[in-house]
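Both chains are given apart, each in its own frame, so use the hints to dock them into the complex.
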Amino acid sequence: MNPCAHIIDDDEAIRDALEWLFKSRKLPSTTWDSAEAFLAEWTPEWRGCIVLDIRMHGMSGLECFDTLTARGCKLPLIFITGHGDVPMAVSALKKGAFDFVEKPFDDTELVAIVTRALELDNERRRSEDVREDIRRRLALLTAREQEVMQHIVEGKYNKVIADTLNISMRTVEAHRSKIFEKMGVRSAVELVQLVRDAET
Amino acid sequence: MEKPGPITAPSAAWQLRLPYAALALFLLSLAALIWLTRVHDGETQYNTLISDVLWMEQNVQFHLDRNAAQLAELGPILQDGMSAQAEAKLRHLLRAESGLVRVIWLDRSGQPIAAMPPLTDDHLIGESRGAVPSRSTFRLALSVGRTVYAPAYEVAGTEHHFEAHVPIPSDTGAIAGMVGVYSLDNLIIRELPWWFSERYRVSVIDASGREIAAKSKVAPLSDALSYSIAFDPPGHGLVLRITAYKDEIRWIPALLIASILLLGGIIVWSIWQLRLQLGRRQAAEQALRGEILFRKAMEDSLMTGLRARDLDGRITYVNPAFCRITGFTADELIDRMPPMPYWDPEHIDRTVEVHDLILSGNPPAEGVELQLRRKDGQRLDAMIFEAPLIDAEGRHTGWMGSMMDVTEQRRARELARQQDERLQATSRLITMGEMASTLAHELNQPLTAISSYSSGSLNRLEDGDIDKQELVEIHRKIARQAQRAGEIIRRVHDFVRRSEPKRAPLDLNAVILEALALLEPDVRKRGMRVVKELTSGLPTVCADPLMIEQVVVNLLRNAMDAMVDTPRAQRRVTLATAQENDVVTVRVADEGAGIPDETARKLFEPFFTTKPEGMGMGLNICRTIAELHHGRLSYERRPAGGTVFVLSLPV
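So the protein sequences, as listed, match chains A and B.
Under full-length UniProt numbering, the first sequence is numbered contiguously, ending at residue 200.
Under full-length UniProt numbering, the second sequence is numbered contiguously, ending at residue 651.
Only chain B is shown next, with the shape it has when bound in the complex (with noise of 0.2 angstroms):
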């Protein structure tokens, strides 16, 4: 497996910032294209209010001018007195939506003649600080020969009024010029057209400052949008301001924007949103990364080998240990279909039929013991676990098996096992031969003591020179040595007695299958195959079950050794009871070579044996105990080959 590499590659870092980058030069252009349409938008309102303002300053002069046109065409009217076609030109001059309020002709030194409405000296001399009309405006209107406008001035407190005066050529008449009053208020606030005033706010400012008249008494919200122009005529620092009310909302634009602030906001928050879940996506890898790492150290790191393999047996993964233990590499395990390389030829047969049972689904939870061999040849002991694979679907997809090598546990359990099953089956045995050789030694010292001492009294007498006292000595030093001997023969004796069988009605089958249970792993070990032909129903013998089953496991083990070096397929032992007349019998068959005649003359005789380990007792023990339970071991040839032993016993 190869290294991970690191989370980023240094070159991938200006890649990962470049989204961010993007989208704040996104945002910005955004910003930026909202100001310039806003400032787009303030421009085109101002040009608006402008082109409005200049619209309005000329409907106003325009409206002047007419009006002036008509009070300098009343003049030669009125110098013949009021008719009727003067009068009702002045009252269409005095109409409300002209702003005149009055229209007064005078003459040449500028004494009014007359005036409609007529005037009241209270009014002349309550409403106006000035001369009115303006002497001075009058004499100017006369000697320039057109109109001119006089200052404006308060009127009752609340209005302004001014004047426009208007020179009559005549040298005959008596009216000189005709003087028209306007009022501030109706001239601004009747002559202007209804969407004007709804969309702005008119007001005319004096020269000092102070607004002396407005279209609306309400304030507009700012002076943002407002624009200021000369109001001339009438002139005299009169100064007309218009303040566009508000903004006009322009709402596609205004939902267009909206929209895309919207979208903006949206897009930066799922940026965000994706990069917090990239953070976790990644704080998750790196968890699952490390994670990997550490199952790998803990696979790497394990003495028990893994393999996982499919549903078909294939090989799909093997663990570092498991490699040390068969000796292959994982090359050469992974992909391979059984039979695979490790399995021991020699136990092929338990070996697939581990392996079918593992893969039809039924692996022992207690794990199987199997014998296979390593690349080198070398025996090799496993110990095998099955666990079924589930993949992330909760499907089954194979089988994850651990092994450990329990080769060097077995033998020595194996050894262990046959030094103790020796040390069972042969102490009755070996202490038969073991006392013998002890009791030859423990007799030999007092018998040769006794004739050591009987040979030299015996010198001693000869010779003649033995006083009675030293005789007497010997003598008893003689008997001494004498009871030892007698003492070593007592014990022999009780040692006997002790092993006197200890009879019980017994069933012979049942310590033929004790036996039996007790040499299986033997017989399972040398390849042996056992063919019980048991008759039930036996009557029960009176024997001891020990002694028997020692006779049992003596025959059966001689039949074994007897087929070392017969064929496996053939090495079988035939078992089988029987009853004839009043004796109970017990047969062991085997297929060996059969027994030489020379060797079969001392079969029975105590150490004579044909084994290098052997010790020379097992038969003449066997044939011991037959007759202490007044039976008889015998044996015959087995006409295919091989021999019979036949222990018979009397019911």
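So that you can see chain A by itself, here it is in the shape it has in the complex (with noise of 0.2 angstroms):
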């Protein structure tokens, strides 16, 4: 599914109506009618962002909420409280919630927040990807060629390598030679900046 904003509202015409808004200004968006239904069809690929209804019958978007949490969705997710419900989402945002508008609401204010939105989830998945990209290439390097990286990125030199691996100096730089083109980079300053992103 493309990124789009999922709209959970049990109230038709307010899932309309912001379908419509979103639309106008060029933010896809899905519609559901109750957390269930998209609790049903929800997979951990989803991209974009939620906007979630507080109070619904049935399950509520507090409830929601912390099953999302539970099953490890990162979607920045938006409340729409109504009058009353300001603290539950307040508590809401400290359970890591990306924010929350009070209705009646300023169709503008929420148009920028998801837009943010969009935008956060966006840039995780970028960096998502390139930190995948990083554990694919390292997963191209045999045993030892990880090995003799671990000993490169602690700044070790060539000849304390060979010495520890009970190995010659020319089988080192083979090896660095080897690491260097599966990774990609042209020197060691470069290999360290690459492994510690993958680590993050």
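These aren't lab readings, by the way, just hints derived from the structure by calculation.
All C-beta atoms, glycine included, are put in the ideal place defined by N, C-alpha and C.
Any given hint could be a false lead.
[As the list claims (entries may be wrong)] Here are some chain B residues pointing at chain A (derived, C-beta under 10 angstroms): (1) HIS441; (2) THR448; (3) LEU458; (4) ARG460; (5) ILE466; (6) ARG484.
As structure tokens, then:
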């Protein structure tokens, strides 16, 4: 599924109006008439953000949020609250919700928040992709190469590495050039940077 | 209570049987005594009989000997022929009582010389079977020289005679012997004294066992007491038999024995009755014991506590359930005088009041509910029923009380009542607050939708990429949401219209009393005193009784809440009504701490409250109600501390 804003609200008018609003700003959106319906379909690969009404028939917005968190969903989540729900929304924020808006809301503000949420998710996805690329490259290294690389990252000289592993200097150099090639770097500094990125 | 032992200890069994054994022995010895007495009596009688017989025999012997002597005397006299002297002697001999019927004198050859009365041949031939007198006997008498008796012989079929031959020694005279003929009957009948024949039957039996003479024709009843003796002389196998007619009845021993037997019978009967009585008593005791155990099991299994008190209020009995409920042991309670350890010091006044009421003899039939205290200090709500204790003689000796632990029930009831009351009293108030909140949410929905539709449309219009059809569609949607909002507003309006006051002329005092009755349990529970200063004869006001009641209830409750920290003795609410010109006022005064200034400013604002569970709508609604009735709700400080709320309504 393409990245989009998932609108979850049991009031049809609200869903329809928000969809219309997001469409006018070229923001892709999908609507769900209940938390249950959304949870039934959701998979971890989904991208975008969630716009969730707190007060709904059936499962409430907060329960839905807790369930998603428990399942490892990292999509930015925006709560829509009514009168009197503010304290609830604040506690939801503390638990990791992206933001909340109070009804009746400033439509421009909501659009801005959703836009930011979508950007955040996009960014996360991109860095996730990079890490994925590095991990893929690391997987190409042989066990010996990984061993040698560890020493390189620790900043050891070739001679020390050769002594430690009880191999010749020449062999170390051969491993070194192979590692650089596979990881797509030109210097030990770049390699260190890459490995650190992959670890975060 | 110790366990009841077996009915009879094993060692007591023989003790129980002892009286019976003694009784049997007693009866046996009594029987033996009577038997021995009778045996002894029989022996005595027999001995008497023997001595009587011996006496008789001797008497007859003597008689015969005397007659023989006289015959011997007569012989020599008759040698000289019949003389006057001889005749006199003969006549004397032949007296009826001598037993002699004839005297014959014989010559040496044994031929009769003469006889007195004289002999006839007929008499000799017809009446005697042998030669009379018997020659052999005469010869024997002559040869031995003394009297010899001849065998008895039958005369004329009915009588028996025998002869005594007396030899007369004479060398010269013709007469050699005298013969006396005896009639057996005469001898034994005439010779015996009256007392002897009265006591005994005397008979003579010959050698063949035939009775040949008897003193009486009457046969004796039994032969038990009889004695036979040889009748010698005359001898020749004759036997004299004497039979006692009957036992001599000796009245004093008989009476004694009879009374002993009677008394013995009475003793046996009494013991038997006693035994029956004992058996019945034992059965009754057994039944009683069973009944007591049954009752005890019943008392022990009861969940209801039982306690008995005497007329002074001293506890005389408690059952296990009572101990369980109060937590005290029976030892700690029995013999206690009031105040009891389970009385709650906090409710001591009422407890004493109830206690005195019961002891005065008027226990409430429907029971009393009291607050007590367990040994561990926990509160105990108890339902107590009392009934007089009457002893076997019908005297009133105390009171039996049953106690049920109603703590849990009462707590549950209290809770339910509180909830119910809170629900009732605040339902109207809550409706408003709830409605405000629901309304906000409900109205938010269409408004939010409208706003978004409109923003979206504006965005599209600004971008210029919207077609007419789309715009029409969106505006239809906007209109629908606007209608939805309108619908919500209409519903609110309907609700408000429904809660318009329903005015009716009413008596303010009556409404106040009604409100007080509603709060009565609460007032009592909180230990409040309500002073009523109601002015009678107030003009009626036109108002909704329920709404006014609600205001009074609210003000009363606020007043009580204001005195939570006031000492119990000072918790007083004063309710006063009065007429001031053309308004009627209700004043509710508490004696609490009063209202601080910053609170006072916000007093009537909605959602303002000083109570942890308050809605903050009470006073606000009260004021609204006052205003709906064109009246006012205001408050004043009480100079002595506390607050007065004044509701004034136009007449």
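Comparing the hints with the structure gives:
no.	hint	in the structure
1	HIS441	5 angstroms, holds
2	THR448	5 angstroms, holds
3	LEU458	8 angstroms, holds
4	ARG460	5 angstroms, holds
5	ILE466	8 angstroms, holds
6	ARG484	7 angstroms, holds
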